[in-house]
Amino acid sequence: MLFYSFFKTLVGKTVTVELKNDLSITGKLVSVDQFLNIKLDAVKVTDETKYPHMMSVKNCFIRGSVVRYVSLPPRDVDTALLQDAARKEAQAPR
Amino acid sequence: MGDAPRKNPSDFLGNVLGKPVIVKLNSGVDYRGTLACLDGYMNIALEHTEEWVNGQKKNTYGDCFIRGNNVQYISPLRQ
Amino acid sequence: MSNRPDSDMVDVPVARDTNEPLDLVRLSLDERIFVKMRGDRELKGRLHAYDQHMNLVLGDVEEVITVVDIMEGTDEEVVRLVRRNHEMLFVRGDGVILVAPPQRS
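Residue numbers (full-length UniProt numbering), protein chains in the order written: chain E, 1 to 94; chain D, 1 to 79; chain H, 1 to 105.
In short, the hints are calculated from the structure, not lab data. What you were told as hints is all true, and nothing was included just to trick you.
Below, computed lysine-lysine pairings styled on DSS-like, alpha-carbon distance capped at 25 Å:
#1 K19(D) - K57(D)
#2 K58(E) - K39(E)
#3 K44(H) - K57(D)
#4 K44(E) - K58(E)
#5 K57(D) - K24(D)
#6 K20(E) - K44(H)
#7 K24(D) - K7(D)
#8 K39(E) - K28(E)
#9 K24(D) - K44(H)
#10 K39(E) - K50(E)
#11 K50(E) - K28(E)
#12 K58(D) - K44(H)
Here are the in silico distance ranges between beta carbons for each label pair:
#13 G93(H) - D84(E): 16 to 22 Å
#14 S24(E) - N8(D): 42 to 48 Å
#15 K50(E) - N15(D): 51 to 57 Å
#16 D47(E) - D40(H): 17 to 23 Å
#17 T26(E) - D69(H): 23 to 29 Å
We treat Cβ as the ideally placed atom computed from N, Cα and C, and that holds for glycine.
Full structure from sequences and hints, please.
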């Protein structure tokens, strides 16, 4: 639940999602769910020449399981809050 | 170690806790170190760990956490 | 099972510096950790958050990707290291193989 809550705080920000097939998609985070599926708007593919079929894609839904990384805007991440939340979640029974 | 009474996998794991082990991963890489603890997912904490990749020592770690899904087996390391 | 007071208990003869493997990760919060990933990737960065899946948020990340190029014709393998940096990175847990805290010395 920690990362679901975390991503919800980033809705409206621009992020870059790197998929396990190496495709990198930058866009505005529209929404996220408990599986960390992600919806992006104003999509731009980082290496467009390599993936020309992505040029007409304006928005997309990304299944959480195909994500490798999400690169985040550092100024919008409260690292002290994250660390506290991580410690709290570690105490909570699973 | 070989003469310790074993009944099931949990008994085996209880017997090797705190002892030197080899943890082999699905990738073929193995880790030699002291088994500090493990959980039901086979997540593992090792101490004084050496990383061996096809017969060569590639790295050492004071402590390390191994995500259980990568584990193929845990075996006592005879010394 | 055991509800005994912990003060005068005899230690069971097993290593119990940490109670469960994830404690090792918890104790690495706000430290620079090393992460070995699937796909011949290695990360070093400051650990800001993790969960039971090993999803992570890392800050000031240095990523090293080991790429093996096969030379055309000769089938010769050339190993190449690709380095990237990320200011703030969410890492999905299913790609994580190993997490190591900084070496204490």
